[in-house]
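*Asks:* Sequence:
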Amino acid sequence: SWSLFDLSRKKLAVDLAPVPVVAWLMIFQALVFLVFAPFDGWGAIPLSTYLGPFLISVALNAFANIWFVEAVALAPFSLAIPILSLTPVFSTAGALLLLNESVTPKQVLGIAIIVGATLAIGYFGTKKSAAATADAHTTSDAKAIRKGLGLMAVVALLFALTPVVDKLCLRTGVPASEHGFLQCFATALSLGIWIKIRGGGVAFSRVRSNLVWFIAAIIFATLAVYFQFYSIQYIPVGIFEALKRSFGLIAALALGSLMFKEPITKLKAGLVVLMGVGIFVLLA
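Mapped onto the working numbering, the consecutive letters of the sequence shown carry residue numbers 1 to 284.
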């Protein structure tokens, strides 16, 4: 679901400004989460323990989503997504500090193999893209790619801390769908204020011109977020992030090849196999 959501956001980023797109997505995600209310037992919010991590989660989500859309608009899909492989490292450290979650040496090895393989895919892909832009006698594309990858590195840090803080929220007893509703609504409100201050915006009529990808983004985002909230309640955040990023990268390479004609080289294929070894070590 995350990879299909990433693809949908990249499609939307081609024609629409990133901040308003994220705001519209969050509004409709919040509405979808309302459907879960009768089934998840929504109730009163324990503000004393929930409010602090909730506000941090909203801030992390707002900036991560804005910069993600900008990053994938600047850099090739299959190069930008591997940068997110850094998230398991940051998540493992954050979970240790904030949640007192530790991982075994074998699990650390599995995470290291996954992160190393995905970073290698991004590194060698960046070198190839830089060479291609040089052959085209322009540096503007190469600069855009570097800016996009730099933004994605910041996004990786924000995305890594988000599930850690979300787990703090969920430990208060708030149902996953209720937390998702509150998070999406508050993030959309924050972005709306930001848009008003900056004097930008996108009318919903323009969003409707990209309706298929917009609906796809809403569906895949809601599913991805809900199942992420469910999963992190039962497994360490660092392990979840390693699995999410590894399977997400495999899907990103496939989607990048199918949708954007981005080549899958023998080196990339070999590194995917290495990543599979990391997954086996992590789960065995």
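For the record, the hints were derived by calculation from the structure and aren't laboratory data.
For clarity, every value in this text was computed on a predicted model and none was experimentally measured.
Heads up, some of the hints might be wrong.
With a cut-off of at most 20 Å between alpha-carbon atoms, the simulated EDC-like pairs for lysine to aspartate or glutamate come out as follows [claimed, not checked]:
no., residue 1, residue 2
1, K143, D40
2, K147, D40
3, K143, E70
4, K11, E70
The following label-pair restraints were derived from C-beta to C-beta distances [what the hints assert, rightly or not]:
no., residue 1, residue 2, range
5, S48, A254, 44 to 54 Å
6, S102, L31, 30 to 40 Å
7, A44, A269, 29 to 39 Å
8, I250, K143, 43 to 53 Å
9, V212, S257, 42 to 52 Å
10, K143, G43, 18 to 28 Å
11, I264, V35, 49 to 59 Å
12, V277, L47, 24 to 34 Å
From the three backbone atoms N, C-alpha and C, an ideal C-beta is built for every residue, glycine too.
*Asks:* Identify every previously stated hint that the structure contradicts and give their numbers, smallest first.
*Replies:* 1, 2, 7, 8, 9, 10, 11, 12
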